[in-house]
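Q: Here is what each chain is made of, one letter per residue.
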Amino acid sequence: MNRVEAYDKVTGRAKYAYEYGVGEVAYAHLVQSTIARGRIRSIDPGQALAMPGVIAVLSSDDPPELGSLDDAELALLQSRAIAYRGQIVAVVVAETPEIARAAERAVRVEYDAEPHDVLLRPDHPGLYPPEKVNPGLPTDTERGDVAGGLADAAVTVDATYTTPTQHNNPMEPHAALAVWADGGLTLYDSSQGVSAERATAAKVLGLPPERVRVISRHVGGGFGSKGTIRPHAVAAALAARATGRPVKIAVTRQQMFEVTGYRTPTIQRLRLGADADGRLTAIAHDVVEQTSTIVEFAEQTATPTRVMYATPALRTTHRLLRLDLPTPSWMRAPGECPGMYALESAMDELAVAAGIDPIELRVMNEPLTEPESGLPFSSRNLVACLREGARRFGWERRDPEPGIRLDGRWLVGTGVASSTYPARRMASRATATAEDGGFIVRIAAADIGTGARTALTRIAAQTLGTSTERVRVEIGDSALPQASLAGGSMGTASWGSAVVKACEAMLKNGAVGSADTTEDVEADSGFARHAFGAQFAEVRVDIDTGELRVPRLLGVFAAGRIIDDSLARSQFIGGMTMGMGMALMEETVVDEEFGDFLNHDLAQYHVAACADVLDIDAVWIEEEDPYLNPMGSKGIGEIGIVGTAAAIANAVYHATGRRIRDLPITPDKLVS
Amino acid sequence: MAEITVRVNGTEHSLIVDTRLSLLDLLRERLGLTGSKKGCDHGQCGACTVLIDGRRSNACLALAVTCDGLDVTTVEGLGDGDGGLHPLQAAFIEHDAFQCGYCTPGQLCSAAGMLTEPGPSAVTEDLMEDPPLTPAEIRERMSGNLCRCGAYVNIVTAIEGVRR
Numbered sequence: 001m002n003r004v005e006a007y008d009k010v011t012g013r014a015k016y017a018y019e020y021g022v023g024e025v026a027y028a029h030l031v032q033s034t035i036a037r038g039r040i041r042s043i044d045p046g047q048a049l050a051m052p053g054v055i056a057v058l059s060s061d062d063p064p065e066l067g068s069l070d071d072a073e074l075a076l077l078q079s080r081a082i083a084y085r086g087q088i089v090a091v092v093v094a095e096t097p098e099i100a101r102a103a104e105r106a107v108r109v110e111y112d113a114e115p116h117d118v119l120l121r122p123d124h125p126g127l128y129p130p131e132k133v134n135p136g137l138p139t140d141t142e143r144g145d146v147a148g149g150l151a152d153a154a155v156t157v158d159a160t161y162t163t164p165t166q167h168n169n170p171m172e173p174h175a176a177l178a179v180w181a182d183g184g185l186t187l188y189d190s191s192q193g194v195s196a197e198r199a200t201a202a203k204v205l206g207l208p209p210e211r212v213r214v215i216s217r218h219v220g221g222g223f224g225s226k227g228t229i230r231p232h233a234v235a236a237a238l239a240a241r242a243t244g245r246p247v248k249i250a251v252t253r254q255q256m257f258e259v260t261g262y263r264t265p266t267i268q269r270l271r272l273g274a275d276a277d278g279r280l281t282a283i284a285h286d287v288v289e290q291t292s293t294i295v296e297f298a299e300q301t302a303t304p305t306r307v308m309y310a311t312p313a314l315r316t317t318h319r320l321l322r323l324d325l326p327t328p329s330w331m332r333a334p335g336e337c338p339g340m341y342a343l344e345s346a347m348d349e350l351a352v353a354a355g356i357d358p359i360e361l362r363v364m365n366e367p368l369t370e371p372e373s374g375l376p377f378s379s380r381n382l383v384a385c386l387r388e389g390a391r392r393f394g395w396e397r398r399d400p401e402p403g404i405r406l407d408g409r410w411l412v413g414t415g416v417a418s419s420t421y422p423a424r425r426m427a428s429r430a431t432a433t434a435e436d437g438g439f440i441v442r443i444a445a446a447d448i449g450t451g452a453r454t455a456l457t458r459i460a461a462q463t464l465g466t467s468t469e470r471v472r473v474e475i476g477d478s479a480l481p482q483a484s485l486a487g488g489s490m491g492t493a494s495w496g497s498a499v500v501k502a503c504e505a506m507l508k509n510g511a512v513g514s515a516d517t518t519e520d521v522e523a524d525s526g527f528a529r530h531a532f533g534a535q536f537a538e539v540r541v542d543i544d545t546g547e548l549r550v551p552r553l554l555g556v557f558a559a560g561r562i563i564d565d566s567l568a569r570s571q572f573i574g575g576m577t578m579g580m581g582m583a584l585m586e587e588t589v590v591d592e593e594f595g596d597f598l599n600h601d602l603a604q605y606h607v608a609a610c611a612d613v614l615d616i617d618a619v620w621i622e623e624e625d626p627y628l629n630p631m632g633s634k635g636i637g638e639i640g641i642v643g644t645a646a647a648i649a650n651a652v653y654h655a656t657g658r659r660i661r662d663l664p665i666t667p668d669k670l671v672s
Numbered sequence: 001m002a003e004i005t006v007r008v009n010g011t012e013h014s015l016i017v018d019t020r021l022s023l024l025d026l027l028r029e030r031l032g033l034t035g036s037k038k039g040c041d042h043g044q045c046g047a048c049t050v051l052i053d054g055r056r057s058n059a060c061l062a063l064a065v066t067c068d069g070l071d072v073t074t075v076e077g078l079g080d081g082d083g084g085l086h087p088l089q090a091a092f093i094e095h096d097a098f099q100c101g102y103c104t105p106g107q108l109c110s111a112a113g114m115l116t117e118p119g120p121s122a123v124t125e126d127l128m129e130d131p132p133l134t135p136a137e138i139r140e141r142m143s144g145n146l147c148r149c150g151a152y153v154n155i156v157t158a159i160e161g162v163r164r
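Here the protein sequences come in this chain order: X and U. Quick note on numbering: the first sequence equals residues 1 to 672 in full-length UniProt numbering. Quick note on numbering: the second sequence equals residues 1 to 164 in full-length UniProt numbering.
Bear in mind the hints are in silico, worked out from the structure with no lab data behind them. Being a predicted model, the structure only gives us computed values, none of them experimental. C-beta atoms are modelled at their ideal positions from N, C-alpha and C, and glycine is treated no differently. Among the hints, a few may not be true.
[To be verified] Distance ranges between label pairs, derived from CB positions: (1) U:Glu12 x X:Ala603: 28 to 36 Å; (2) X:Ser566 x U:Ala122: 29 to 37 Å; (3) U:Glu12 x X:Pro115: 55 to 63 Å; (4) U:Pro87 x X:Pro138: 51 to 59 Å; (5) X:Ala154 x U:His42: 51 to 59 Å; (6) U:Glu129 x X:Pro551: 36 to 44 Å; (7) X:Pro551 x U:Asp71: 38 to 46 Å; (8) X:Glu95 x U:His13: 19 to 27 Å; (9) X:Arg121 x U:Pro87: 54 to 62 Å; (10) X:Asp182 x U:Pro87: 46 to 54 Å; (11) X:Val619 x U:Glu12: 35 to 43 Å; (12) X:Gln47 x U:Glu12: 34 to 42 Å; (13) U:Ala122 x X:Gln47: 43 to 51 Å.
Just chain X, with the same shape it has in the complex (with noise of 0.2 Å):
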């Protein structure tokens, strides 16, 4: 089956949140701090609110009363101090855009300036623990003797790895329209998950969640970054608050750099020993990282390590650092993304010293249980990808000599790294009914390009034993059954077991079922799950200029139940399409003199573009796991991202012989 808004998506159709219009719509625009450090000392409005069309401009001269003020990065205009360049300090109202984006640039802030610090370095002394790593992971672990592991070793790498600051940039900015009705308020939103939203949309501004009503039924990507409600819609809501109006608010592109998340640069040190055959005696990751002044968020980037190889000394850690920059977030793998460049380019490091096959590498360090917690995975197939991969990519003709391949001006290499992703499920609720001679199943879940609406056709198809025709699925609207949200991989576990569970009562009781999986969420342990791939790349550095191709990159996977092929596929794919301008483009850098991020635009970030991709394939393994769901499937969203940027590296070490430790890979530095 095609995808079922398929029709919608291709002729125009598909309403995205900005392209709501109800009644006599507003437009807002945000009016953003220009210090990185400070307070507000005064703010003039007068300017214009003179110019014709202007209807308000909202600040904390006369702070909106809000709900709740634990979310700081929610708390719109209640404080006059400045945490990051960026952040909010008026709202404009006018007419149209036109008119809001010209009395933006009228509104006189003031400030008082003071010295600021945006720079993440491993030798900060502000460096701290947190006390979880997103989302409730332990900070910290360590399991048997890691010096000693270390110091035993016949080989050992000792290197440390740098990812920078990236946006996830999903191509429809973050836009709400908010409508005031009857003391109750509508949010269209670009939101990765309407219930999450509607709940904290109703703490913030002071309202019961059943006075609150979030859509959003079609999203233009979200990658994380739409996950949890941003500032840009209580700002909508306030501004139709204030003005008695419905009020529209795109943010702009730039300004998404700063109030609509990004992932923390990372720095990893990777300490791995191993015997003389390469069984693993030590891993040792530990990992520097940076969060807000406002709103402590910290990655998990040294989790997958707990997950991946077998060893007798295994040590994580996480060290925090608070800067004066917008709060990072979630983006797509986070934790796994970065974490995962680390380990397999530092696995990469280690197969070249011990002088051993990178895949026989990790076939030899196969673990029988999960490394950490010691509990047995309810599958795990990494083997099957790695020699699947290796039989479809040809490495049996691979020579591992680096630096040695010339194509006409362009060194030849070959890389392979591991991918690993939770298979997690959060619970949903669902109702399927039989209407107009087929069914509905109604549930507050979100597709953001994955292709839920479809997937979860199929699985409603399959469990009520009818033709795809005859389902349809509602989605993207929090007065549908509760759902959780668009994220860590997990929507079609948790709507899927909620619309199977909704589908049998039904079958069951006649007319109605509905479906809470609470309780058959909370019964989901005694096992590690998670999906696992390897990814295969093969790449040309041009000898003088760096210029740095991709030719093929193929990814295979394990990952239960396969619910859609043609979704999977465009789901793999893309995600290391991702991973290749993770590899090869992607940076948000930061500019320390007015400590703002300097290229926040999609002309100076550069993420891939056609040309960029040349032969991108991804297959799967078929993989019975019993123990997931009633779908037997595990999440496809991120794994596709985690891993492409280790094997694009290592092949280039394989080309060039250069092993470069720090993303983006560009040409400055294969020719410095």
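The hints should help you fit chain U onto chain X, whose structure is shown.
A: What follows is chain U alone, placed relative to chain X:
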């Protein structure tokens, strides 16, 4: 303020517009044609690509006042007018050439314009030749349209099918 007449998808519209108004905002906010998307508003992403007098253009970079008397085709006007799809639209569905769908209208208009553009590109070996639209030519010519979901592989396949 200025008065303009612009033909959009075959229908003429006479409007008084703010001289700061972009063609993109004219389409989206004034005419309710929200198929054309705003991804960056700076001509950097291609989501707003429309055909102006048959040539692909970034609607965010065209001020509405400069479009007086011009003929604009948006994604809403690509099909046959009776709900039937343009071959590119059908091919995008068949090859799953999109995920979130936000870049899709721009990709489609860009591809429609590209198929009519003669001449060599940066990847053409012989600059005197009018090259066949190989995958390499398609990739080069479609690189003004970013897709963050990473559907490029399928986009190229879809366009290749229509080219044939």
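Q: With reference to the structure, classify each hint as holding or not holding.
A: Hints versus structure:
1. U:Glu12 x X:Ala603: 28 to 36 Å: holds (35 Å)
2. X:Ser566 x U:Ala122: 29 to 37 Å: For U:Ala122 against X:Ser566, whose Cβ atoms are near 32 Å apart, the range 29 to 37 Å holds.
3. U:Glu12 x X:Pro115: 55 to 63 Å: Taking Cβ atoms as reference, U:Glu12 and X:Pro115 lie about 59 Å apart, which means the hint holds.
4. U:Pro87 x X:Pro138: 51 to 59 Å: Since U:Pro87 and X:Pro138 have Cβ atoms about 55 Å apart, the given range 51 to 59 Å holds.
5. X:Ala154 x U:His42: 51 to 59 Å: Given range 51 to 59 Å: holds, Cβ gap about 55 Å.
6. U:Glu129 x X:Pro551: 36 to 44 Å: violated (24 Å)
7. X:Pro551 x U:Asp71: 38 to 46 Å: The hinted range 38 to 46 Å holds for X:Pro551 and U:Asp71, with Cβ atoms some 41 Å apart.
8. X:Glu95 x U:His13: 19 to 27 Å: With Cβ atoms ~20 Å apart, the hint holds.
9. X:Arg121 x U:Pro87: 54 to 62 Å: Since the Cβ atoms of X:Arg121 and U:Pro87 sit about 55 Å apart, the hinted range of 54 to 62 Å holds.
10. X:Asp182 x U:Pro87: 46 to 54 Å: holds (48 Å)
11. X:Val619 x U:Glu12: 35 to 43 Å: violated (52 Å)
12. X:Gln47 x U:Glu12: 34 to 42 Å: For U:Glu12 against X:Gln47, whose Cβ atoms are near 39 Å apart, the range 34 to 42 Å holds.
13. U:Ala122 x X:Gln47: 43 to 51 Å: About 47 Å separates the Cβ atoms of U:Ala122 and X:Gln47, which means 43 to 51 Å holds.
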